[in-house]
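Number of protein chains: 2
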Amino acid sequence: MERLDPKDVADALPGWTGGDDFITKVFKFDDFAQAFGFMTRIAITADKMDHHPEWFNVYNRVDVTLTTHDAGGVTQKDVTLAEAMEKAAG
Amino acid sequence: MERLDPKDVADALPGWTGGDDFITKVFKFDDFAQAFGFMTRIAITADKMDHHPEWFNVYNRVDVTLTTHDAGGVTQKDVTLAEAMEKAAG
Chain A
1 MERLDPKDVA
11 DALPGWTGGD
21 DFITKVFKFD
31 DFAQAFGFMT
41 RIAITADKMD
51 HHPEWFNVYN
61 RVDVTLTTHD
71 AGGVTQKDVT
81 LAEAMEKAAG
Chain B
1 MERLDPKDVA
11 DALPGWTGGD
21 DFITKVFKFD
31 DFAQAFGFMT
41 RIAITADKMD
51 HHPEWFNVYN
61 RVDVTLTTHD
71 AGGVTQKDVT
81 LAEAMEKAAG
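Chains A and B are the protein sequences, given in the same order. Here the first sequence is numbered in the UniProt record's numbering, starting from 1 and rising by one per residue. Here the second sequence is numbered in the UniProt record's numbering, starting from 1 and rising by one per residue.
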């Protein structure tokens, strides 16, 4: 799977930052139920894709990091999952 | 709410470690669906208690940290949530 430039990928997504081999964003919601509802929607999408996020949650906050371990960097899979997150959070 | 000694609390729970003002454990499951199923069960319990974990998930792994911010340490709420986690993971 082709590796993409994390900075280019992040620039095309609202609020995302590109690292060496990942993209990352902090999502904030009104409360825990909304934050976890977001995670639940994404969990189903991610498991269908067999492509899983690294994410940290405390109360209304979800810190997400996306990378494609098999490719050693950011790929179209991460873009697709990030876009699903934007849709679920929006 | 009375603060408890994190080390004493952790010693009474299987696989937990006590820090200065928290208890922590890494839960491992067979796969993402099982890990997220565990998180979903706990999310409902936690929101009912209005006492939320700090947790990190990647694939089959869930790293949990419990503390009671209002009390500045570990309280019975953390014990109750940790026990619910043991039940959900067991």
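Keep in mind that a hint or two might mislead.
You can't tell identical chains apart in this list, so a pair holds if it fits in one copy or across any two.
Stated by the list, open to error - List time: in silico DSS-like cross-link candidates among lysine-lysine, alpha-carbon distance up to 27 Å:
#1 77 x 48
#2 28 x 77
#3 48 x 28
Note that these hints are calculated values from the structure, not bench results. None of the values given here were measured: they were computed from a predicted structure.
Is it within a copy, between copies, both, or neither that the alpha carbon of residue 48 lies no farther than 27 Å from that of residue 28? both (25 Å within a copy, 20 Å between copies)
With identical chains treated as interchangeable, where does the CA-CA distance between residue 77 and residue 48 reach 27 Å or less: within a copy, between copies, both, or neither? within (12 Å within a copy, 35 Å between copies)
Identical-chain pair category, residue 28 with residue 77, by Cα at 27 Å: Classified as both: same-chain Cα gap 23 Å, cross-chain 25 Å, threshold 27 Å.
Figure legend: structure checked against the earlier numbered hints; every hint is met.
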